[in-house]
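So the chains spell out like this:
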Amino acid sequence: AQSVTQPDIHITVSEGASLELRCNYSYGATPYLFWYVQSPGQGLQLLLKYFSGDTLVQGIKGFEAEFKRSQSSFNLRKPSVHWSDAAEYFCAVGDGTDKLIFGTGTRLQVFP
Amino acid sequence: DGGITQSPKYLFRKEGQNVTLSCEQNLNHDAMYWYRQDPGQGLRLIYYSQIVNDFQKGDIAEGYSVSREKKESFPLTVTSAQKNPTAFYLCASSLRGTANEKLFFGSGTQLSVL
Numbered sequence: 001a002q003s004v005t006q007p008d009i010h011i012t013v014s015e016g017a018s019l020e021l022r023c024n025y026s027y028g029a030t031p032y033l034f035w036y037v038q039s040p041g042q043g044l045q046l047l048l049k050y051f052s053g054d055t056l057v058q059g060i061k062g063f064e065a066e067f068k069r070s071q072s073s074f075n076l077r078k079p080s081v082h083w084s085d086a087a088e089y090f091c092a093v094g095d096g097t098d099k100l101i102f103g104t105g106t107r108l109q110v111f112p
Numbered sequence: 113d114g115g116i117t118q119s120p121k122y123l124f125r126k127e128g129q130n131v132t133l134s135c136e137q138n139l140n141h142d143a144m145y146w147y148r149q150d151p152g153q154g155l156r157l158i159y160y161s162q163i164v165n166d167f168q169k170g171d172i173a174e175g176y177s178v179s180r181e182k183k184e185s186f187p188l189t190v191t192s193a194q195k196n197p198t199a200f201y202l203c204a205s206s207l208r209g210t211a212n213e214k215l216f217f218g219s220g221t222q223l224s225v226l
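Protein sequence lines correspond, in order, to chains Z and H.
So for the first sequence, our numbering puts the first residue at 1; every next one is plus one.
So for the second sequence, our numbering puts the first residue at 113; every next one is plus one.
Check each hint, because a few of them may be wrong.
[To be verified] Listed next, the in silico DSSO-like pairs over lysine-lysine satisfying Cα-Cα at most 30 Å (straight line):
hint	chain 1	residue 1	chain 2	residue 2
1	Z	99	H	195
2	Z	49	H	169
3	H	183	Z	99
4	Z	99	H	214
5	Z	99	H	121
6	H	121	H	195
7	H	214	H	169
8	H	182	Z	99
9	H	214	Z	61
10	H	169	Z	99
11	Z	49	H	183
Since the hints were made in silico from the structure, they are not lab data.
All chains should be built: construct the whole structure from the sequences, respecting the hints.
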């Protein structure tokens with residue numbers, strides 16, 4: 001069965017520092033991969049997605065992610081974090097049917 | 113503005129009571145979804161619907177029921193059979209319901225047990 005792992009439950013960074021959130025997936029074929037962000041008490045918003053082609057994907061709010069098939073990873077990055085980026089981040093994979101499998105999330109805290 | 117509206121924002125359930133969470137969308141999307149979110153567990157799919165008058169069970173459908181009588185509406189009922197209903201419930205929609213599509217989310221309903 002397909003699965004998604006986000007190994008970091010909680011990450012703390014200083015404002016202006018770079019960020020990398022990890023995501024590993026288990027899927028036999030080329031997956032559909034997504035990163036969503038959730039502010040406290042709110043719904044999720046799509047940051048970016050990957051289906052095929054260029055393995056470096058640009059998203060909104062200055063985020064990017066790189067698909068690495070050899071490592072089964074789709075890590076999210078941002079070169080300089082802003083205080084407003086504090087939120088929970090979810091990686092998700094399309095499981096080949098019509099459903100998404102979500103990871104357990106990584107909570108990002110940003111210190112001034 | 114197009115979007116998904118969930119109501120109420122907060123809901124309290126008494127023992128043995130059924131409660132219904134509302135979800136309405138004006139995006140003209142075919143597919144709608146209900147997710148349950150618990151701390152540290154991510155999002156788990158309860159039910160989804162890709163067309164009016166049809167819906168499928170997700171991974172944790174027990175104790176829940178849905179209906180899809182109109183394209184824009186997908187209410188979720190948490191029945192008394194759901195013994196641990198306290199959670200944050202999210203409704204979502206997508207254009208056609210395929211796995212490569214962006215999901216649009218509502219702002220959620222926090223359900224608590226009195």
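* Earlier hints that do not hold, by number -> none
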